[in-house]
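Q: As a plain string of letters, each chain reads:
2 protein chains.
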Amino acid sequence: MQTDIPQVYRHHVFACFQSRPAGHPRGSCGQQGSEPLWKRLGQAIEGLRDPRVAMTATGCLGFCRAGPLMVIYPAGVWYAVRTEADVDEIVASHLGRGEIVERLAIVPQP
Amino acid sequence: MQTDIPQVYRHHVFACFQSRPAGHPRGSCGQQGSEPLWKRLGQAIEGLRDPRVAMTATGCLGFCRAGPLMVIYPAGVWYAVRTEADVDEIVASHLGRGEIVERLAIVPQP
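Sequence lines, in order, name chains A and B. Going by our numbering, the residue at position 39 of the first sequence is 39; the numbering climbs one at a time, nothing skipped. So our numbering is basically just the index in the second sequence, starting at one, shifted up by 1000.
Because the hints were derived from the structure by calculation, they are not lab data. Some hints could be false.
Said to hold, decoys possible - Only part of the chain A face toward chain B is listed, based on derived beta-carbon distances under 7 Å:
1) 56
2) 58
3) 61
4) 66
5) 73
6) 77
7) 80
8) 107
9) 108
10) 110
What the hints assert, rightly or not - Quick list of simulated restraints, FRET-style, between CB atoms:
11) A/39 / B/1026: 19 to 29 Å
12) B/1024 / A/46: 21 to 31 Å
13) A/24 / B/1026: 26 to 36 Å
14) B/1039 / A/20: 30 to 40 Å
15) B/1108 / A/42: 16 to 26 Å
16) B/1101 / A/101: 32 to 42 Å
17) B/1103 / A/85: 40 to 50 Å
18) A/97 / B/1039: 39 to 49 Å
19) B/1083 / A/99: 39 to 49 Å
20) B/1093 / A/107: 22 to 32 Å
21) A/85 / B/1101: 23 to 33 Å
22) A/26 / B/1010: 18 to 28 Å
23) B/1065 / A/4: 18 to 28 Å
24) B/1010 / A/42: 22 to 32 Å
Quick reminder that beta carbons are idealized off the backbone N, C-alpha and C, glycines included.
Start from the sequences, fold in the hints, and give me the full structure.
A: In structure tokens form, the structure reads like this:
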């Protein structure tokens, strides 16, 4: 969709904070260790001191087996994150320099 | 940012489910009546039966005084929603026909 409406954010990060109990058949990003990763993500984004980069916590983004999952719009790039080093690389590369981290990007199938 | 990565969703709706207690100085989308609106939004999106349209619940999107707030990516269009008729119009127009509802679109300032 073409639009003349200005983008509020250059990068708007949505990170899945869904947690489900251990043994739940769908799993969840929380169960896969998202909590410390998103804490670091929030701190690293604050560290950018860029008012045009924002982070929002979400409920389930779907694709629960692929988690911990985040998606950055308007680019629409989904990342599966495993380690704090992954977080740091996404923040420095995608959010800082505008370069997608190809090795962590996934294209989930609805 | 240019990217060759395919978009997972044609329209990805993020609706703020934040609630704060009555009298809280920031207010919240919940306090401004978001709950029945987002319930209707979810039902209307299901009614589209379009796997390329998704809705995700979020925590605070910021701009709390403007709520109930939603943002649709990748277009990056923010909507302040007051009534169920507003919801129906956004779903039919923006999500269904790809036409922005100008009268409900806002551009919050970070």
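Q: Going by Cβ atoms only, is residue 61 of chain A closer than 7 Å to chain B?
A: Residue 61 of chain A check passes; min Cβ-Cβ to chain B is 6 Å, inside 7 Å.
Q: Does the closest beta carbon of chain B sit nearer than 7 Å to the beta carbon of residue 80 of chain A?
A: violated (13 Å)
Q: For the hint on residue 66 of chain A, just tell me whether its beta-carbon gets within less than 7 Å of chain B.
A: Check failed: Cβ of residue 66 of chain A comes no nearer than 11 Å to chain B, outside 7 Å.
Q: In this structure, is the beta-carbon distance linking residue 1010 of chain B and residue 42 of chain A contained in 22 to 32 Å?
A: Since residue 1010 of chain B and residue 42 of chain A have Cβ atoms about 29 Å apart, the given range 22 to 32 Å holds.
Q: Falls inside 39 to 49 Å, the C-beta gap from residue 1083 of chain B to residue 99 of chain A?
A: holds (43 Å)
Q: Taking 19 to 29 Å as the stated bounds, is the beta-carbon spacing between residue 39 of chain A and residue 1026 of chain B within them?
A: Holds - the Cβ-Cβ distance for residue 39 of chain A and residue 1026 of chain B, about 22 Å, lies within 19 to 29 Å.
Q: Starting from the hint 18 to 28 Å, judge whether the C-beta atoms of residue 1065 of chain B and residue 4 of chain A obey it.
A: Holds - the Cβ-Cβ distance for residue 1065 of chain B and residue 4 of chain A, about 25 Å, lies within 18 to 28 Å.
Q: Checking hints one by one. Is residue 107 of chain A an interface residue toward chain B, by the C-beta closer than 7 Å rule?
A: Check passed: Cβ of residue 107 of chain A comes within 6 Å of chain B, closer than 7 Å.
Q: Given the hint of 18 to 28 Å, is the C-beta distance from residue 26 of chain A to residue 1010 of chain B inside that range or not?
A: holds (24 Å)
Q: Regarding residue 85 of chain A and residue 1101 of chain B, is the given constraint of 23 to 33 Å on their beta-carbon distance met?
A: Distance hint for residue 85 of chain A, residue 1101 of chain B is violated at roughly 42 Å.
Q: Against chain B, is residue 56 of chain A within 7 Å by beta-carbon distance?
A: Holds, about 5 Å.
Q: Given residue 73 of chain A was flagged as interface, is its beta-carbon under 7 Å from a beta-carbon of chain B?
A: holds (4 Å)
The structure does not agree with the numbered hints 4, 7, 14, 21 stated previously, though it agrees with the rest.
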